[in-house]
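These protein sequence lines map, in sequence, to chains A and B.
FYI, the working numbering numbers position 373 of the first sequence as 373, with every residue one higher than the one before it.
FYI, the working numbering numbers position 137 of the second sequence as 137, with every residue one higher than the one before it.
Simulated from the structure, these hints should not be mistaken for laboratory data.
These figures come from a predicted structure and were not determined experimentally.
Just so it is clear, CB atoms sit at the ideal spot from N, CA and C, and this is done for glycine as well.
Not one of these hints is a red herring.
What the simulated footprint calls covered on chain A by chain B, stretch by stretch (three residues with Cβ under 8 Å from a Cβ of chain B suffice, anywhere in the stretch; the number is not a length):
#, stretch
1, 228–235
2, 298–305
3, 322–329
4, 420–434
Simulated restraints, written as ranges between beta carbons of each label pair:
#, chain 1, residue 1, chain 2, residue 2, range
5, A, G351, B, R340, 34 to 40 Å
6, B, R38, A, A35, 28 to 34 Å
7, A, P355, B, I374, 32 to 38 Å
8, B, E362, A, A35, 29 to 35 Å
9, A, P355, B, D11, 45 to 51 Å
10, A, G277, B, G289, 47 to 53 Å
11, B, A23, A, T246, 53 to 59 Å
12, B, L14, A, D100, 56 to 62 Å
13, B, Q266, A, G289, 55 to 61 Å
14, B, S241, A, A37, 44 to 50 Å
Listed here are the chains, written in short residue letters.
Protein chains: 2
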Amino acid sequence: MSLDPVLTRIDADLPHALDRLMALMRIPSISTDPAHARDCTAAAEWLAEDLRSIGFEARPHQTPGRPMVLGNGGESGPHLLFYGHYDVQPVDPLELWHRDPFDPAIEETPRGRVIRGRGASDDKGQLMTFVEACRAWKAVHGTLPARLTMFFEGEEESGSPSLVPFLQENTEALRADLALICDTGLFDAETPGIVTMLRGLVGEEITVTGPSKDLHSGMYGGPAMNPIRVLARILAALHDSDGRVTVPGFYEGVADLPEAVARQWQDLGFDAQAFLGEVGLSEPAGEAGSTALEMIWSRPTCEINGIHGGYTGAGFKTVLPSQASAKVSFRLVGEQDPLRIRDSFRAMVRGMLPPDCEVAFEEHGASAAAQMAIDAPAFERARAALSAEWPKPAAFIGSGGSIPVAGHFKRILGMDSMLIGFAHDDDAIHSPNEKYDVESFHKGIRSWARILAALSS
Amino acid sequence: MSLDPVLTRIDADLPHALDRLMALMRIPSISTDPAHARDCTAAAEWLAEDLRSIGFEARPHQTPGRPMVLGNGGESGPHLLFYGHYDVQPVDPLELWHRDPFDPAIEETPRGRVIRGRGASDDKGQLMTFVEACRAWKAVHGTLPARLTMFFEGEEESGSPSLVPFLQENTEALRADLALICDTGLFDAETPGIVTMLRGLVGEEITVTGPSKDLHSGMYGGPAMNPIRVLARILAALHDSDGRVTVPGFYEGVADLPEAVARQWQDLGFDAQAFLGEVGLSEPAGEAGSTALEMIWSRPTCEINGIHGGYTGAGFKTVLPSQASAKVSFRLVGEQDPLRIRDSFRAMVRGMLPPDCEVAFEEHGASAAAQMAIDAPAFERARAALSAEWPKPAAFIGSGGSIPVAGHFKRILGMDSMLIGFAHDDDAIHSPNEKYDVESFHKGIRSWARILAALSS
Chain A
1 MSLDPVLTRI DADLPHALDR LMALMRIPSI STDPAHARDC TAAAEWLAED
51 LRSIGFEARP HQTPGRPMVL GNGGESGPHL LFYGHYDVQP VDPLELWHRD
101 PFDPAIEETP RGRVIRGRGA SDDKGQLMTF VEACRAWKAV HGTLPARLTM
151 FFEGEEESGS PSLVPFLQEN TEALRADLAL ICDTGLFDAE TPGIVTMLRG
201 LVGEEITVTG PSKDLHSGMY GGPAMNPIRV LARILAALHD SDGRVTVPGF
251 YEGVADLPEA VARQWQDLGF DAQAFLGEVG LSEPAGEAGS TALEMIWSRP
301 TCEINGIHGG YTGAGFKTVL PSQASAKVSF RLVGEQDPLR IRDSFRAMVR
351 GMLPPDCEVA FEEHGASAAA QMAIDAPAFE RARAALSAEW PKPAAFIGSG
401 GSIPVAGHFK RILGMDSMLI GFAHDDDAIH SPNEKYDVES FHKGIRSWAR
451 ILAALSS
Chain B
1 MSLDPVLTRI DADLPHALDR LMALMRIPSI STDPAHARDC TAAAEWLAED
51 LRSIGFEARP HQTPGRPMVL GNGGESGPHL LFYGHYDVQP VDPLELWHRD
101 PFDPAIEETP RGRVIRGRGA SDDKGQLMTF VEACRAWKAV HGTLPARLTM
151 FFEGEEESGS PSLVPFLQEN TEALRADLAL ICDTGLFDAE TPGIVTMLRG
201 LVGEEITVTG PSKDLHSGMY GGPAMNPIRV LARILAALHD SDGRVTVPGF
251 YEGVADLPEA VARQWQDLGF DAQAFLGEVG LSEPAGEAGS TALEMIWSRP
301 TCEINGIHGG YTGAGFKTVL PSQASAKVSF RLVGEQDPLR IRDSFRAMVR
351 GMLPPDCEVA FEEHGASAAA QMAIDAPAFE RARAALSAEW PKPAAFIGSG
401 GSIPVAGHFK RILGMDSMLI GFAHDDDAIH SPNEKYDVES FHKGIRSWAR
451 ILAALSS
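Modelling step: build the complete structure from the supplied sequences, incorporating the hints.
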């Protein structure tokens with residue numbers, strides 16, 4: 001089946017494809033906030049309906065959390081599973097958005113047209129690139145280019161609590177020859193990437209309790225333990241002066257970057273100055289002795305993602321609070337064991353508690369890093385297909401973000417994943433004013449059409 | 001003019017006095033929150049009206065912030081100024097209150113009847129003890145026992161920004177022979193106290209900024225500076241391992257406790273175990289080598305009163321925030337200079353900033369510690385009067401809280417202050433479920449009647 005008419009069809013249908021994406025973006029499917037549970041269900045139903053309109057058998061599947069969407073289509077060719085997620089990040093701080101995050105629009109910017117709104121890039125826009133490629137293929141050829149299983153998750157932004165049980169219970173429905181995942185970025189505006197290294201993630205929330213109730217710092221300041229002070233001491237101790245993480249055993253399983261990979265990365269000409277300059281920074285702040293690209297792709301980290309305690313409103317309140325809490329996450333690489341790191345972190349925190357303090361832990365996911373088997377022929381075919389669409393040849397790259405689903409596919413379904421995405425570093429995912437370049441969306445759809453042709457030929 | 005009928009009148013009128021206090025407590029006069037500005041005005045008007053009803057010439061006086069209430073009454077005798085504040089602390093966390101903080105009620109508890117609600121103890125209940133003593137005196141004798149100036153502030157819980165200018169502009173109206181201040185506590189349930197040492201207070205809010213916007217910790221975690229981590233490091237460095245404050249020059253002006261005072265305090269038989277046990281603690285957590293009473297009364301402290309940064313809602317968000325902030329306060333003693341300490345703190349914080357980080361400071365008040373001239377005859381007369389009312393003799397004590405107004409009275413008006421109050425340590429001021437014992441209120445009113453008799457005889 002020929003590719004060219006499909007690409008022509010994609011070009012002609014772009015305005016309608018953008019309309020469909022914005023319809024999906026209008027549904028505020030924030031998975032981490034229970035108040036938006038119904039919106040997640042609405043987004044899942046929208047997607048199932050859209051898949052049915054292009055010939056898939058598709059429906060939402062209930063889970064203890066947000067529903068999964070499964071769809072099957074196509075009669076012959078290799079069996080490919082496509083994964084994306086329809087849930088989005090919270091939108092706070094809302095006052096920093098210059099438009100309603102759930103009233104998306106196409107905006108003209110100095111760098112070209114963008115789709116503005118929550119989920120534009122992470123991950124509704126990316127997910128729809130694949131759906132639109134299928135739609136065009138079906139419209140031109142009356143059939144899909146391969147046996148396709150669509151799998152859309154609704155809990156990716158909240159630690160995917162239902163994912164592993166769902167994979168375990170639906171092994172037969174989900175096992176394919178290869179998984180395609182669209183939740184990553186371009187290497188740069190001209191260079192697409194296939195991600196072959198993914199960092200893992202351990203998320204922990206710690207709550208330190210001192211006094212049994214909030215106290216007046218005049219009456220108790222001095223003799224009473226202050227849990228914010230205890231928490232600050234713990235958090236400050238998580239890195240040494242070289243920026244290395246101090247959790248005992250943390251670096252077990254972290255290998256040095258192979259010489260060949262390091263060289264390939266060097267050839268990419270990553271501009272750390274520009275990358276940091278975009279967000280008002282000038283110096284890589286991570287481990288001494290690592291390049292910025294290594295800090296993102298191949299080195300593990302510990303970050304404090306949130307902290308709260310005491311009075312934080314307007315003015316001043318001389319309270320000595322009963323509790324203080326922080327959300328801490330670790331990005332993992334290589335063979336680091338997420339559960340051992342969680343245990344070691346908790347033991348370290350407990351060991352730093354002074355008398356009269358208690359700590360409670362809440363877990364928010366734990367996944368190991370993943371390394372793809374790039375010698376499989378599909379990887380070279382996909383690289384060639386991508387290279388035909390974009391100005392520069394596609395590169396095998398790393399990813400700082402964590403896409404645990406790839407590891408789960410491998411472990412539970414025995415299936416390799418190919419991670420291809422079209423996001424830009426400045427898409428402001430997880431931040432106010434998220435956007436997705438119209439070019440990312442358009443060339444993303446075309447890229448998938450090319451890859452589908454390459455993999456099914 | 002005889003005292004006994006006044007005491008009898010106070011006993012008989014207690015139910016009505018409680019009703020009046022609860023009427024005042026129903027006005028949510030939170031000064032730190034601009035949304036409650038109108039409630040502060042309403043409380044000031046309520047008080048002026050109440051003072052007029054017992055023969056004072058009284059009205060609210062506008063300031064750039066919340067109004068001050070001034071009232072004058074009485075024809076002869078010494079000129080006494082009475083100070084209290086009608087504004088109250090915020091009520092969060094609201095969910096920990098077992099009743100609406102601004103719908104007060106008398107509750108039966110295992111330790112006796114209490115008035116429950118925000119401001120019961122700090123400071124509406126205390127303020128009204130003096131007003132009710134005057135009311136009884138006026139009812140019985142047709143006149144007031146001395147020349148009295150009533151002075152009620154509405155910004156005590158928000159750093160008193162208008163206080164100093166108001167004192168400077170109203171010197172003549174406010175200068176009296178002696179100030180009486182009711183905003184402190186009993187030493188214990190049986191022992192009243194006259195506070196002769198007050199800690200000062202410096203309040204600072206610091207905001208650390210790293211990246212110019214919130215970032216995804218997957219994409220930027222590693223090379224990007226995390227302002228929460230920087231803030232934690234700064235806060236953790238404010239104390240050394242002995243619990244001493246590390247701000248350079250902090251202990252300049254802190255004298256050792258005089259032997260005689262230390263002995264007197266020892267004689268008080270303060271039960272640190274019980275004091276801390278009330279709030280779920282077991283060990284004094286302050287400076288090594290100090291007793292718990294010294295930690296509260298005669299040693300300076302540094303506390304973190306609030307901290308905030310990143311994502312603090314339900315679930316998890318792998319954000320690397322642009323900003324993190326904390327509210328920090330210092331309690332001062334002896335001759336410590338609040339402005340030098342502020343400068344030294346700011347210099348220390350600036351010196352700890354890594355590259356690409358900025359810090360902004362917001363000041364929330366600065367006042368020195370105060371030491372009363374207890375050899376003035378009024379102090380011994382008041383001590384005797386208090387001792388006649390309570391089971392045990394009154395003691396000269398310290399106070400951990402900061403009541404800067406006493407220092408301002410001395411400096412601006414050349415007037416000494418006598419600080420007498422009837423609060424209990426377990427009144428939960430600044431906390432949920434604040435209360436004031438009905439006994440504190442009742443015996444407080446009687447105490448003031450006795451003190452007024454003693455000072456005007």
